[in-house]
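Protein chains: 2
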Amino acid sequence: MGANEDGKVVVRRFWAALDERDWAGAAATLAPEYVGVWPQSRERVVGREAFVAINEHYPGIWRITVERLAGEGDQAASRVSLTDHERGRTEVAVSFFTVRDGLIRHHEDWWPEPYDAPAWRSDWVEPMG
Amino acid sequence: MGANEDGKVVVRRFWAALDERDWAGAAATLAPEYVGVWPQSRERVVGREAFVAINEHYPGIWRITVERLAGEGDQAASRVSLTDHERGRTEVAVSFFTVRDGLIRHHEDWWPEPYDAPAWRSDWVEPMG
Numbered sequence: 003m004g005a006n007e008d009g010k011v012v013v014r015r016f017w018a019a020l021d022e023r024d025w026a027g028a029a030a031t032l033a034p035e036y037v038g039v040w041p042q043s044r045e046r047v048v049g050r051e052a053f054v055a056i057n058e059h060y061p062g063i064w065r066i067t068v069e070r071l072a073g074e075g076d077q078a079a080s081r082v083s084l085t086d087h088e089r090g091r092t093e094v095a096v097s098f099f100t101v102r103d104g105l106i107r108h109h110e111d112w113w114p115e116p117y118d119a120p121a122w123r124s125d126w127v128e129p130m131g
Numbered sequence: 003m004g005a006n007e008d009g010k011v012v013v014r015r016f017w018a019a020l021d022e023r024d025w026a027g028a029a030a031t032l033a034p035e036y037v038g039v040w041p042q043s044r045e046r047v048v049g050r051e052a053f054v055a056i057n058e059h060y061p062g063i064w065r066i067t068v069e070r071l072a073g074e075g076d077q078a079a080s081r082v083s084l085t086d087h088e089r090g091r092t093e094v095a096v097s098f099f100t101v102r103d104g105l106i107r108h109h110e111d112w113w114p115e116p117y118d119a120p121a122w123r124s125d126w127v128e129p130m131g
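As you go down the protein sequences, you meet chains A and B in turn.
Using the working numbering, you'd call the opening residue of the first sequence number 3 and step up by one each time.
Using the working numbering, you'd call the opening residue of the second sequence number 3 and step up by one each time.
Incorrect hints may appear among the rest.
What the hints assert, rightly or not - Which stretches of chain B does chain A cover? Using the computed rule of at least three CB atoms under 8 Å from a CB of chain A, they are: (1) 17-30; (2) 74-88; (3) 101-114; (4) 121-129.
Claimed, not checked - Chain B is nowhere near these chain A residues, computed Cβ spacing over 10 Å in every case: (5) TRP25; (6) GLY27; (7) ARG65; (8) THR67; (9) GLU74; (10) ARG81; (11) ARG89; (12) ASP103; (13) LEU105; (14) ARG123.
Quick caveat, the hints were computed from the structure, so don't treat them as lab data.
No experiment lies behind these values; they were computed from the predicted model shown.
Yeah, the Cβ is synthetic: ideal placement off N, Cα and C, and Gly gets one too.
My request is simple: use the sequences and hints to build the entire structure.
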C-alpha cells in the first residue's frame with residue numbers, strides 16, 4: 003500500500019475485498035476521512051465505520067466482477083457487475099474514485115437501470131448482441 | 003490529433019463538440035470503425051453517420067459540462083452533466099471510451115436516474131448537500 007500506488011490498484015483491491023465479503027479488508031483501502039456518495043439518492047457515507055455497517059446490512063449476497071477500469075495517478079473509474087446468484091439478479095455500478103497516499107478518500111457510485119429503447123432513433127441503431 | 007494522444011484529450015474534444023452542437027466536429031473524433039453502445043437499452047450505434055444522424059435528431063438542446071475525467075493511454079472514463087435550459091432538465095451520463103490513434107473506437111454511455119434512498123441504511127448515511 004505504497005504512498006504513490008496507482009489509484010487503479012487500490013480500486014481493484016477495494017472491489018476484490020467486497021467480492022469476498024471481507025468488510026475489514028475493504029475498509030482498509032479507505033482513508034480515515036473517507037466520504038462515499040450515491041448521488042442518485044443524495045446519500046453520503048462518512049467514514050470507515052459507516053461504510054462497514056452498510057455493507058454488513060446490505061441485502062443479498064453479491065459477487066462482484068470488475069468489467070472496466072480506467073485512471074491515472076489519484077483518479078480512477080470502474081464499472082463492475084454485481085450478481086446475486088441466489089436471486090438471479092445482476093446490477094451494474096459505475097464509480098469514480100479519488101485516492102491519496104494509497105487510500106480511497108472519495109468515492110461515488112452510479113446505479114443505472116434498464117430502460118426501453120426510444121422509437122425516434124430506431125433507424126440508426128442495432129440491437130446489442 | 004496525434005497518434006499517441008492521450009484518450010482524455012480526445013474525450014474532452016468529443017464532449018466540447020457535442021456541447022457546441024458541432025456534429026461534424028464530434029464525428030471527427032470518432033474512428034471509421036466507431037461503435038457506441040447504450041447497454042441499458044441494448045442499443046448499438048455503428049459508424050460516424052449513424053452517430054451524426056442520432057445527434058441531429060436528439061430531442062432537446064443540451065449544454066454539456068465535463069464533471070469528472072479519468073484515464074490513461076487509450077482508456078478513458080467521463081461523467082458529464084447535460085442540461086436542457088429550455089425545459090429545466092439536467093441529466094447525467096457516465097461513459098467509458100477506448101481510443102486508438104487519436105480517435106474513439108468504442109464508447110459506452112450509462113444514464114443513471116434518481117431513486118429514493120432506501121430506509122434500511124438510513125442510520126449510516128447523511129443527506130448530500
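Structure versus earlier hints - violations, ascending order: Of the numbered hints given earlier, those the structure breaks are 1, 9, 10 and 14, listed in rising order.
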